[in-house]
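Chains as they are written, first to last, in the working numbering: chain F, 6 to 106; chain W, 88 to 713.
None of these hints come from the bench; they were simulated from the model. Nothing here was measured: the structure is a model prediction, and the numbers come from that model. For every residue, glycine included, the Cβ atom is placed at its ideal position computed from N, Cα and C. Treat each hint with caution, since some may be false.
Stated by the list, open to error - If you want a taste of the chain W side facing chain F, the calculated C-beta under 7 angstroms gives, among others:
no., residue
1, Val-682
2, Val-686
3, Gln-687
4, Thr-688
5, Ala-695
Spelled out from the first residue to the last, the chains are:
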Amino acid sequence: MSTPIAYFLLVSAALFTIGTVGVMVRKNALLIFMSIELQLNGVNLALVAFSRMHGNLVGQALTFFSMVVAAAEVVVGLAIIVFVFRRRRTANVDDLSVLRW
Amino acid sequence: MLDLVWLVPALPLAGFAANLFFGRRLGRAAGWLASLLMGASFVVAVLVARDLLGLPTEERVHILHLFDWIEVGSFRVGADLRVDPLSLTMILVVTAVGSLIHIYSIGYMQGDPRFGRFFAYLNLFCAFMLTLVLAENLLFLYLGWEGVGLCSYLLIGFWFERTAAANAAKKAFVTTRIGDTFMLIGISLVFLRLGSLDLSTVLAPEIAGVQPSGVFTILALLLFAGAIGKSAQIPLHVWLPDAMEGPTPVSALIHAATMVTAGVYLVVRMHLFFEISGVALTVVLVVGLVTAVYAGLTALAQDDIKRVLAYSTISQLGFMFLAAGLEAYAAAIVMLAAHAAYKALLFLSAGSVMHGMGDETDLKLMGGLRRPMPWTAGMMAIGALALSGVIGLSGYFAKDAILAIASEEGKALVYWVGVFAAFLSALYIGRLVVLAFLGEARSERARHAHESPAIMLVPLGVLAVGAVALGALALDKETGLLPALLGPVLGELEVGTAGLPEPALIVLSQVVAFGGLLLAWFVYGGRIDWLALRARVSSLYRFLNRGMYVDDLYGALVVAPGKAGSAFLAYVVDLRIVDRAVNGTGAAIQRLARVGRRVQTGLVRTYALAFLLGAVALLAYVGSRI
Numbered sequence: 006m007s008t009p010i011a012y013f014l015l016v017s018a019a020l021f022t023i024g025t026v027g028v029m030v031r032k033n034a035l036l037i038f039m040s041i042e043l044q045l046n047g048v049n050l051a052l053v054a055f056s057r058m059h060g061n062l063v064g065q066a067l068t069f070f071s072m073v074v075a076a077a078e079v080v081v082g083l084a085i086i087v088f089v090f091r092r093r094r095t096a097n098v099d100d101l102s103v104l105r106w
Numbered sequence: 088m089l090d091l092v093w094l095v096p097a098l099p100l101a102g103f104a105a106n107l108f109f110g111r112r113l114g115r116a117a118g119w120l121a122s123l124l125m126g127a128s129f130v131v132a133v134l135v136a137r138d139l140l141g142l143p144t145e146e147r148v149h150i151l152h153l154f155d156w157i158e159v160g161s162f163r164v165g166a167d168l169r170v171d172p173l174s175l176t177m178i179l180v181v182t183a184v185g186s187l188i189h190i191y192s193i194g195y196m197q198g199d200p201r202f203g204r205f206f207a208y209l210n211l212f213c214a215f216m217l218t219l220v221l222a223e224n225l226l227f228l229y230l231g232w233e234g235v236g237l238c239s240y241l242l243i244g245f246w247f248e249r250t251a252a253a254n255a256a257k258k259a260f261v262t263t264r265i266g267d268t269f270m271l272i273g274i275s276l277v278f279l280r281l282g283s284l285d286l287s288t289v290l291a292p293e294i295a296g297v298q299p300s301g302v303f304t305i306l307a308l309l310l311f312a313g314a315i316g317k318s319a320q321i322p323l324h325v326w327l328p329d330a331m332e333g334p335t336p337v338s339a340l341i342h343a344a345t346m347v348t349a350g351v352y353l354v355v356r357m358h359l360f361f362e363i364s365g366v367a368l369t370v371v372l373v374v375g376l377v378t379a380v381y382a383g384l385t386a387l388a389q390d391d392i393k394r395v396l397a398y399s400t401i402s403q404l405g406f407m408f409l410a411a412g413l414e415a416y417a418a419a420i421v422m423l424a425a426h427a428a429y430k431a432l433l434f435l436s437a438g439s440v441m442h443g444m445g446d447e448t449d450l451k452l453m454g455g456l457r458r459p460m461p462w463t464a465g466m467m468a469i470g471a472l473a474l475s476g477v478i479g480l481s482g483y484f485a486k487d488a489i490l491a492i493a494s495e496e497g498k499a500l501v502y503w504v505g506v507f508a509a510f511l512s513a514l515y516i517g518r519l520v521v522l523a524f525l526g527e528a529r530s531e532r533a534r535h536a537h538e539s540p541a542i543m544l545v546p547l548g549v550l551a552v553g554a555v556a557l558g559a560l561a562l563d564k565e566t567g568l569l570p571a572l573l574g575p576v577l578g579e580l581e582v583g584t585a586g587l588p589e590p591a592l593i594v595l596s597q598v599v600a601f602g603g604l605l606l607a608w609f610v611y612g613g614r615i616d617w618l619a620l621r622a623r624v625s626s627l628y629r630f631l632n633r634g635m636y637v638d639d640l641y642g643a644l645v646v647a648p649g650k651a652g653s654a655f656l657a658y659v660v661d662l663r664i665v666d667r668a669v670n671g672t673g674a675a676i677q678r679l680a681r682v683g684r685r686v687q688t689g690l691v692r693t694y695a696l697a698f699l700l701g702a703v704a705l706l707a708y709v710g711s712r713i
C-alpha cells in the first residue's frame with residue numbers, strides 16, 4: 006500500500022504557507038524571492054502527488070514547465086535585485102516605494 | 088461630330104488641370120494654353136453646331152451618354168450631355184465669349200503673381216458652365232451650377248489680400264447658396280414627384296396631365312429661387328455689385344456674360360413647369376420687371392465704373408426674366424446672347440480704362456479719355472449704343488423685341504414700365520460714357536492715361552462686331568434665325584395684336600434710347616454742375632447709391648441677428664455650457680483620482696497581501712460554487 010495522497014498534500018500546503026508568510030513578513034527582497042521559490046515548490050509537490058494519484062504524467066509535465074519558468078524568473082529577478090542594490094545600497098522592499106501616484 | 092461634344096467641357100477642364108499643376112512653370116504660356124484650349128472648345132462647338140443643323144428640325148436632339156454617375160436603387164443619374172438648339176446656343180455663346188476673355192486676360196493679368204492660377208480658375212469655370220448648359224440630367228446640371236458658383240467665389244476673391252475682395256467673395260457665395268438650397272430642394276421634389284431627373288423624361292409634354300398644377304407651382308418657384316440667386320435678381324441681387332472686387336475679365340465673363348445668365352437658361356429650359364403652373368410665370372415676370380427698373384435706377388447713382396455696369400447687368404437680366412415671364416423664351420435667349428456680347432464688351436472696355444489709369448474706377452476722376460485711349464473709347468461707345476437699344480445694333484433687336492411682345496400681348500403696364508427701364512439703361516450708360524470719355528481730364532491719372540496693348544484691344548474689336556451684328560440672328564422675333572432655331576425646343580411664340588402698332592413701337596424705342604443718351608450728355612457733358620445738383624438731392628442720391636438700402640436692410644435683419652446669435656452661441660452656450668461641462672467632467676475625475684490613487688502605496692508587500700486576499704476570495708467563491 007502506497008503512501009496516502011493526504012501526506013503529500015499536507016507537506017505541500019505546509020511549504021506553500023511557509024512561503025506565503027515569508028513573502029508577507031520579510032523585508033529583504035532576496036528573502037522574499039526565496040519564499041516565492043518555496044511557494045512554487047509547494048505547488049510542484051502537489052502536482053507530482055496528483056500525477057501519482059491519477060497514474061499519468063500530466064502533473065509531472067506541468068511541474069517541469071513550472072521549474073523551467075521558475076529558473077528563468079530567478080535569473081531575471083536576481084538581476085533586478087542586484088542592480089537595485091548597486092544603485093540604492095539596499096534590498097529592503099519597503100524602501101523601494103517610489104513607483105506610486 | 089455630335090458624339091465629340093464631350094470635348095467642349097473637357098478641353099477647358101484639361102486646361103484647368105494643366106495650369107493647376109504646371110501653371111507657375113509655364114509662366115506667360117499658361118494664358119496662351121488656356122486660351123488655346125478655350126478656342127479649341129469653341130471650334131468643336133462650331134463643328135457640333137454644323138452637324139446638328141444638318142439634321143431635320145424634329146431630330147435636333149442628341150443625347151450622349153458618357154457614364155453612369157450615381158446609381159442607387161431606382162435613383163439613376165447618368166453623366167449625359169444633351170445637344171439641342173438651346174444648349175447649342177449656350178455653348179456657342181460661352182465658348183466664344185470665353186475664348187475672347189481668355190485672350191484679353193493675357194494682357195490684363197500680365198505681371199500678376201498668380202497668373203497661372205487665374206487661368207486655371209477661368210478654365211475650370213468654363214468647364215463647369217459648359218457642363219451646366221449641356222447637362223441632360225438635373226443633378227448633373229446642379230453639379231455645373233455649384234461648380235460655377237465655386238469658381239465665382241474663387242475669382243471674386245482672387246486678390247484675397249484685399250479684405251474687400253475676400254468679403255465680396257464670401258457674400259457672393261453665401262447669397263447664391265440661399266437660392267441654391269431652394270433649388271436643390273426643388274430638384275429633390277422633381278425626382279419625388281416625377282420619378283426621374285432626366286430632362287427628356289421630366290420635360291415630356293405628357294407629364295402635364297399627371298400632376299396637379301399646384302405641385303408645378305412649387306417646383307417652378309423652387310427652381311426659380313435658384314435662378315434668382317445665380318442671376319442676381321431681387322431679392323438676392325446684393326452680391327453682384329460687390330462681386331466687382333474681382334479682376335475685370337472675371338466680371339465680364341462670369342458676372343455679365345455667362346454665369347449670371349444660368350438662371351435665365353434654367354427658367355427657359357424648365358419653361359414647361361412654369362407654363363403648367365401659370366402663377367410661377369407671373370412671378371418670373373414681376374421679379375424681372377421690378378429688378379430691371381430697380382437696378383436701372385440704382386445704376387444712375389454709382390460713381391464706380393464697374394458698379395454701374397454691375398447694376399446694368401442686373402437690370403438687363405431682369406429684361407431676360409421679363410421675356411421668360413412673357414413666354415417669349417426665344418427672345419430671352421436672344422437677349423442673353425446679345426447681352427453676352429455687348430456687356431462683355433463694356434466690361435472689357437472698362438477694364439481697359441482701368442488698365443490705362445492704374446486701376447482707377449472712379450468716374451469722377453476720369454474725363455477726356457477719348458484722346459489717350461481712342462480705341463477703347465470707340466469700343467465702349469459701340470457697347471453703349473448696343474445696350475441703349477439704338478436701332479440696328481444687337482441690343483435693339485433683343486430688348487425691343489421683348490417690349491414689343493409685351494405690348495402685343497396686351498400687357499400695357501409691363502410695356503410702359505419696361506420702356507422706362509430701357510430709358511434708364513440709355514441714361515446710365517450714356518452717363519458712364521460721357522463722364523469717362525468726353526469733356527476734360529479731371530485728374531492727373533486721366534491726363535496720363537495710356538491705351539491698352541493690342542492683345543486686349545483685339546478681343547474688344549471682335550466683341551464689338553458681335554455687339555453690332557448679333558442682331559442679325561433675330562431680325563424678326565418670330566422668324567429670325569435664332570428664334571426659328573429655338574422654336575422646336577421652346578415652343579412657337581404666339582404674338583397678339585394688342586397694343587401700339589409696330590411702327591409706333593419702333594419710334595418709341597428710338598425716342599427712349601436717344602432721349603436717354605442725350606439727357607445724359609446734357610446733364611453730365613459739362614454744361615451743368617451735376618455734382619452740385621446731386622448735393623442738393625443728397626438724400627435721394629444716397630438712397631440710390633446704396634442700392635435703396637437693401638444691403639443695410641439685410642444687414643439689420645439678417646447679418647446683425649446672425650452675428651448676435653453667433654456671439655450668444657460662442658460666448659454663452661459654448662463657453663459657459665459646453666466648455667464647462669467638458670472641464671467639469673475632467674475636474675470631477677481628477678478629484679475622484681486623488682482619493683483612488685491612495686490604493687497604490689508603492690510597497691511591494693501591500694500588493695502581495697492584496698494578491699493573497701484576492702486569491703483567497705476567489706478560492707472561497709469557487710469553493711462555495713462546487
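| query | Of the hints stated earlier, which fail here? | reply | 1, 2
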